[in-house]
Amino acid sequence: MRKCNVFLVCMVIALMGVVLMVVHSSVLKASEKVRRDARGDWVAKLGLSDLCLFTDARYTRHPVMADVHTPFQDYPLAFEHFPSGSIIGVPPHLRGERSW
Amino acid sequence: MRWFEKQKNILDFTLSALWRRKGKNITLVSVYAFVVFLVASVVFLTGAVKGEAERVLVEAPDMMVQRLVAGRHDYIPLSYMKTIGDIRGVQNVKSRLWGYYFDQTNSANYTLMVNDELDIQPGSILIGSGVARNLLVKETGSLPFRTYDGSYVFMKIERVLDEALDLVAADLILLNGGDFRRIFLTPEGQATDLVLKVKNPREMPTIARKIVALLPDTRPILREEILRTYDAVFEWRGGLSILVLSGAFLAFLILAWDKATGLSAEERREIGILKGIGWETSDILQLKFWEGVAVSFTAFLAGLLLAYVHVFFTPAVLFEPAIKGWSVLYPRFQLTPHLSVYHVSTLFFLTVVPYTVSTILPSWRAASIDPDIVMRA
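Protein sequences appear in the order of chains V and H. Each residue of the first sequence is one higher than the one before, counting from 0 in numbering that gives the first Met the number 0. Each residue of the second sequence is one higher than the one before, counting from 0 in numbering that gives the first Met the number 0.
Any given hint could be a false lead.
Lysine-lysine pairs mimicking DSS-like chemistry, simulated, CA-CA at most 30 Å apart [to be verified]:
1) V:Lys32 x H:Lys209
2) H:Lys198 x V:Lys32
3) H:Lys21 x H:Lys198
4) H:Lys93 x V:Lys32
5) H:Lys81 x V:Lys44
6) H:Lys209 x H:Lys198
Here are some chain H residues the structure puts well away from chain V; computed CB gaps all over 12 Å [to be verified]:
7) Gly22
8) Arg54
9) Ser281
In short, the hints are calculated from the structure, not lab data. Built from N, CA and C at the ideal position, the CB exists for glycine as well.
Whenever a hint applies, use it, and build me the whole structure from the sequences.
The structure is reproduced here in structure tokens:
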């Protein structure tokens, strides 16, 4: 088999992989709907304001509720005490970008 | 058809030329694919978290009101509820009791929260599955809490919340209001913060301004700001993401720069010979175009697919140490992909196009001069 044909077949397979990726994401999105709705119900029921992604520092557990004077939370590239504080940026409303 | 056959022949020749320097080219494709993999993983991960926040936190309270004392949160008096409730447009005001508890037995931080709707009996708790996974006293069915006066209370675990709720409730412990006040010695008539329901969402900015005017020591946070927070904190062009991405892009820049600044003596000689045996300049440019496409497109597709598997099947195992940080409780969540044409096309244009262009340019310079000079050089 010619090299170009082998290459083109590989590319077609990889492109089919990308199509499968898109299909998989849509299927997962649909199948996750029930679980996501359950999460939404609990958010409404408990009045939650944040996702539980980091539990090490209070300003990364609840970035929305954080106050301006939390240590080390000065700007995105500041020296951070908690590793998770380096991953997330400062919420816009703490930088004075209020929506009201 | 003839054009197609010609392109296939050129592609054949290109692949043979690449295969002659297979050690170098396989390394190149691997490094290139790894750069794309890193960038795509960050983009997929942040996109999925942002997507989840957008879909789930849309159910968050319309507005929250905190009280600030000397720049930090403090308990808010329940008397503020009357003042806020009297503002036109406010449908109802509820108080929330919640706080953080550090469990010394397993060094984990919990979020303790009171919910009256769930009718939790005094002495009982509902725990998130993240809390349950880390409990050392699982078998006894009760959890000791050291209260703020130094005494201990034992709370019976009534139920463990479903693992599907991990993304919002992995570290939650839900309990009765009386038990909460007993643990934290919260005075009666005080709450952690207030949540509001507003009749017309368009009135929220006006209501927020009125609250601050009436109660200057408070800080309202609107639902729109909650959504904007997750939009901004997981922005793939900000925070730590930009550090990972800038490292990857610098590596890629060096790669492209090396290509763009010139060809190796062997490549120049090859171009000279091809021109000597009758290849046109346009044929050589097509040859180099296919070379660029073969390398960059292969690396792009491999990096993209591996990143998808990494983020949504493993889930993001390479980033886990960075994301986990010092957290003892780590939610086990299955992220839902949030693919967008914008993300994939940005990755494509930032990786494939510059490399392909930087391959063609030096070849055009070499192909446009006399083959005799190129071969003798």
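For each hint, the structure was consulted:
Distance hint between Lys32 (chain V) and Lys209 (chain H) is unfulfilled; the C-alpha atoms sit about 38 Å from each other, more than 30 Å. A threshold of 30 Å between alpha carbons decides the hint, and for Lys198 (chain H) with Lys32 (chain V) the separation of about 28 Å falls inside it, so the pair holds. Only pairs whose Cα atoms come within 30 Å are accepted, and Lys21 (chain H) paired with Lys198 (chain H) is rejected, the gap being roughly 67 Å. A hinted pair counts as satisfied when its Cα atoms are at most 30 Å apart, and Lys93 (chain H) with Lys32 (chain V) qualifies at roughly 29 Å.
Taking the CA atoms of Lys81 (chain H) and Lys44 (chain V), the gap is near 22 Å; set against the 30 Å cutoff, the hint holds. Between Lys209 (chain H) and Lys198 (chain H) the CA atoms are separated by roughly 15 Å; this keeps the pair inside 30 Å, and the hint holds. The claim that Gly22 (chain H) is not at the interface with chain V holds, since no C-beta of that chain comes within 12 Å of its own (minimum 18 Å). Arg54 (chain H), annotated as away from the interface, has a beta carbon of chain V within 12 Å; the closest lies near 6 Å.
Separation of Ser281 (chain H) from chain V is adequate, the least Cβ-Cβ distance of about 19 Å exceeding the 12 Å criterion.
Checked against the numbered hints given earlier, this structure breaks hints 1, 3, 8; the rest are met.
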